[in-house]
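*Asks:* Taken in order, these protein sequences are the chains called A and B. Mapping of the first sequence onto the working numbering: position 99 corresponds to residue 191, and the numbering continues sequentially without gaps. Mapping of the second sequence onto the working numbering: position 102 corresponds to residue 165, and the numbering continues sequentially without gaps.
Warning: the hint list may mix true and false statements.
Unchecked claim - When the alpha-carbon atoms are kept at most 27 angstroms apart in a straight line, the in silico DSS-like pairs for lysine-lysine are as follows:
#1 104/B <-> 170/A
#2 68/B <-> 136/A
#3 160/B <-> 126/B
#4 104/B <-> 103/A
#5 175/A <-> 128/B
#6 126/B <-> 136/A
#7 134/B <-> 68/B
#8 107/A <-> 163/A
#9 103/A <-> 160/B
#10 134/B <-> 154/A
#11 160/B <-> 154/A
#12 154/A <-> 126/B
#13 160/B <-> 175/A
#14 160/B <-> 170/A
No wet-lab data here; the hints were simulated from the structure.
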Amino acid sequence: EAGVAQSPRYKIIEKRQSVAFWCNPISGHATLYWYQQILGQGPKLLIQFQNNGVVDDSQLPKDRFSAERLKGVDSTLKIQPAKLEDSAVYLCASSLDSGYGYTFGSGTRLTVV
Amino acid sequence: SNSVKQTGQITVSEGASVTMNCTYTSTGYPTLFWYVEYPSKPLQLLQRETMENSKNFGGGNIKDKNSPIVKYSVQVSDSAVYYCLSGCPNSKLTFGKGITLSVRP
């Protein structure tokens, strides 16, 4: 089975610039998650989608971060404008049922300079 | 609310057995997961423990319960970060901070 696809793998931008990440989950997985993993820390949930609806975005910095999942499949996470503290790996994961765990993508490593 | 606690770092020699602890608190009946993160690789599921197949079944409020993972005869290639996650059905998973396992040749 194909895994969770993410792109790009790496991105370097200057502060105040904008950036977007893309995620294609496993086919048939209704739930999609975006996590932020800062170096040395465990992943932190940013947003959870169930199909194309938002289930939990309580930890998403909505003044600069936005995410969408049109048609309930692919998803895009955007940061505008970026800050230095946004430097992290952004992980996408999908699941059929959270009781069985998640499948994670390889992540996008963002460096803001 | 849910929380997961893990210690930070373990260093052992090749061939040793190692126990990595995960202490969790939950208000529901969580499923416990262990994931491993190898350098430059996606997180991979190692182990899943549900209330139905664990000794923890019977309580709706769990406080500071330990759910360890044991690796026997570890190799250098087992060096990685091991994450424990706790989650209730249809809710988000709570990550621990991870345990960095270093195996010396």
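*Asks:* For every hint, state whether the structure bears it out.
*Replies:* Outcome of the hint check:
1. 104/B <-> 170/A: With a Cα-Cα distance of about 23 angstroms, the restraint between residue 104/B and residue 170/A holds, given a limit of 27 angstroms.
2. 68/B <-> 136/A: 14 angstroms, holds
3. 160/B <-> 126/B: Answer holds: residue 160/B to residue 126/B is near 18 angstroms, not above 27 angstroms.
4. 104/B <-> 103/A: Roughly 17 angstroms between the alpha carbons, so the hint for residue 104/B and residue 103/A holds.
5. 175/A <-> 128/B: 38 angstroms, violated
6. 126/B <-> 136/A: 22 angstroms, holds
7. 134/B <-> 68/B: 19 angstroms, holds
8. 107/A <-> 163/A: Cα-Cα ~31 angstroms, so violated.
9. 103/A <-> 160/B: This hinted pair holds, its Cα atoms lying about 25 angstroms apart.
10. 134/B <-> 154/A: 41 angstroms, violated
11. 160/B <-> 154/A: Distance of about 24 angstroms is within 27 angstroms: holds.
12. 154/A <-> 126/B: Violated: residue 154/A and residue 126/B sit about 33 angstroms apart, past 27 angstroms.
13. 160/B <-> 175/A: 23 angstroms, holds
14. 160/B <-> 170/A: Given pair residue 160/B, residue 170/A holds - Cα atoms ~25 angstroms apart, limit 27 angstroms.
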